[in-house]
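Trainee: Residue-level listing of the chains:
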Amino acid sequence: MSLPRRKFDTLIIGAGGGGLRAALQLSQAEARVAVVSKVFPTRSHTVAAQGGVNAALANVLPDNWHWHMFDTVKGSDYLGDQDAIEYMCRAAPRVVYELEHMGVPFSRLDNGKIYQRAFGGQSRNFGGDQAARTCAAADRTGHAILHSLYQQNIRARTHFFDEFFAIDLLRDPEGNVLGALVLEIATGEPLVIEAKTVLLATGGAGQLFRTNTNALINTGDGMAMALRAGIPLQDMEFFQFHPTGIAGKGMLITEGVRGEGGYLLNGEGERFMERYAPKAKDLASRDVVSRAIYTEVREGRGCGPDKDHVLLKLDHLGVDVVAKRLPGIRETVKTFLYLDPAETPIPVYPTAHYTMGGIPTNRHGQVVVPEHNGPEEPVLGLYAAGECACVSVHGANRLGGNSLLDILVFGRAAANHIIGELKQNRYHRPMNDDSVDQAMARLSRWDRRDGSETVDGLKRELQTVMEQHCGVFRNEEILKEGVAKVVELEARMQGAYIKDHSKVFNTARIEALELENLMDIALATVCSALERRESRGAHSRVDHPERDDVHWMRHSLFHKDGRRMDYKPVRIKPISVEPFPPKKRVY
Amino acid sequence: MGAATEINRLRWQCRRGMRELDLLLLQFLDSGYADLDANATLAFNRLLDCPDALLLEWLLGRQLPSDKEVADVVQRIRRRPAA
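Residue numbers (this note's numbering), protein chains in the order written: chain A, 1 to 587; chain B, 588 to 670.
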């Protein structure tokens, strides 16, 4: 089949902060760069990052990169790779200053230096007093970074394919990556983009779960493309949840509400956290509160007609306190629930927030897989960065302020490695038509006009299964059922069809392709969670409540082929300093 | 472009970087958009061209857009849909 083709040095899939930071570095080095994004670039999910970006600038309190490194290793529950973490923490001040020079309006101190706020998990002196390490542009840091990077890319003449959906990677029989098949959403026309190097920067997969904080675009497209190309996904069992999202909607209600004196009630009007955490009560750690809410609902003590949530009560604080100390929460609740939390309790449920796992890479952004010569052989021509990748700097649990840092540092690092690669590989390899045909088959599969299942229905079922069987409460039995249910849904997806077969802006077709991606990632997540029989970071197994460093201080790798699990050691040796040996993680 | 295609195009423009915006905009597209007159339809299109951070300020009721017609559409989006 003859399809239109375009040729570039580098193809970047995804136009969030990671993709745009890499694109800028490459365009400035005179590489021909194409960025493919399914939505307009400044509508990427980076825009939702409000908190800020960590860097040991020591503008407010004493600080250095080594303390930042310690906090990140400890926060990761010792599953993070210490070479990558050292690299990231050392590079942090530089990437922040670069952003400042690009025009990101960081909040300032009176002396003109960048203001830094304190966040959970930040310490001085390797676990001592609170540090202040997060640089922010008011409460819209992600937005400011994304817009600055986009404008810089326009100036550097990066070529954008806006509203193009990536179908699959194209590879030759030797495994070299040749580019990707993409679909122009506005016309429904496929296009082959040939490239000497490809960077995946497609973000996370929050849409796996019914209640989540993520934009609808977060369907893990790049992770699923990697799986289908024979690349395993790493540490997918680690998904960060927040205990209090608005029930059925997902938006975060910050811990600050409970800090101000708000507390949780079950359907019987009981302040149930007293049973689960007699001392800390409603201010117990996130995983404890999340599991308590889940347990109350599961045991029939939920609230509402379907008994599927609990209530967060703050009306006793009075209108003045709520209006003064929690104005943002009040606006959000009023907007989405049409109720005033100063008068009526808020329905809440644990909400999925961040994908720690992803496509395995080294600290140069190269995608690495187990091959004959070792567990981390680079896949030639293929890179990944940001939430879709697993470097791994977050290990089992990500710290606030480290996700923007991750995308900036490793977007830039991947670009630098690609620049070297392009000097050595000056020509495009011949296109493999079989690979193009395979990718086209994925598209034409949705041309069928009848079937027994709808895309919407399957997506809702998948999200519910993942929430119930791979959420905050995990044990052998629940996870086993989860695997069986996802396998069944995957089989039923073969019988799914869409009604709309038009070409122009056929969003039904895009949603079908997104569902396929979610299905692949759901299997990776639930299978990895079943096999990891310990509790570490965000993965907590009630039947294996302790961390088990002897057997499980290692990374999981899920292969789509045969749903096979594989493991590789954690890289505990940093680049230039002594390793941080595992300790019990207490705060 | 036919009406169904135009709705599809708008559906994709309602895909934003934040969950808050996705939910509000798509709910309105399904339940309130059909009632807009020609001018308000144009205003809705202008709204969708604005950056996400600004949309959030407007749709959460923290600010009102200076464009009166866009402000009116914002008020409609914030209104509780009929059950």
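It is worth saying that the hints were derived from the structure and are not from the lab.
Using N, Cα and C, we set each Cβ at its ideal position, and we do this for glycine too.
Check the hints yourself; a few may be wrong.
Stated by the list, open to error - Simulated restraints on C-beta separations:
(1) A:Glu189 - B:Thr628: 56 to 62 Å
(2) A:Gly420 - B:Ala658: 24 to 30 Å
(3) B:Ala591 - A:Arg460: 20 to 26 Å
(4) A:Arg460 - B:Ala669: 21 to 27 Å
(5) A:Arg563 - B:Gln662: 46 to 52 Å
Trainee: Now look at each hint and say whether the structure bears it out.
Mentor: Hint check:
As the Cβ distance of glutamate 189 (chain A) to threonine 628 (chain B) is approximately 27 Å, the hint placing it in 56 to 62 Å is violated. Range check, glycine 420 (chain A) to alanine 658 (chain B): Cβ separation about 52 Å, and the 24 to 30 Å hint is violated. Distance hint check: the CB atoms of alanine 591 (chain B) and arginine 460 (chain A) are about 23 Å apart, consistent with the given range 20 to 26 Å. The hint said 21 to 27 Å for the Cβ distance between arginine 460 (chain A) and alanine 669 (chain B), and at roughly 23 Å that hint holds.
Range check, arginine 563 (chain A) to glutamine 662 (chain B): Cβ separation about 51 Å, and the 46 to 52 Å hint holds.
Violated hints, in rising order: 1, 2; the structure is consistent with all others.
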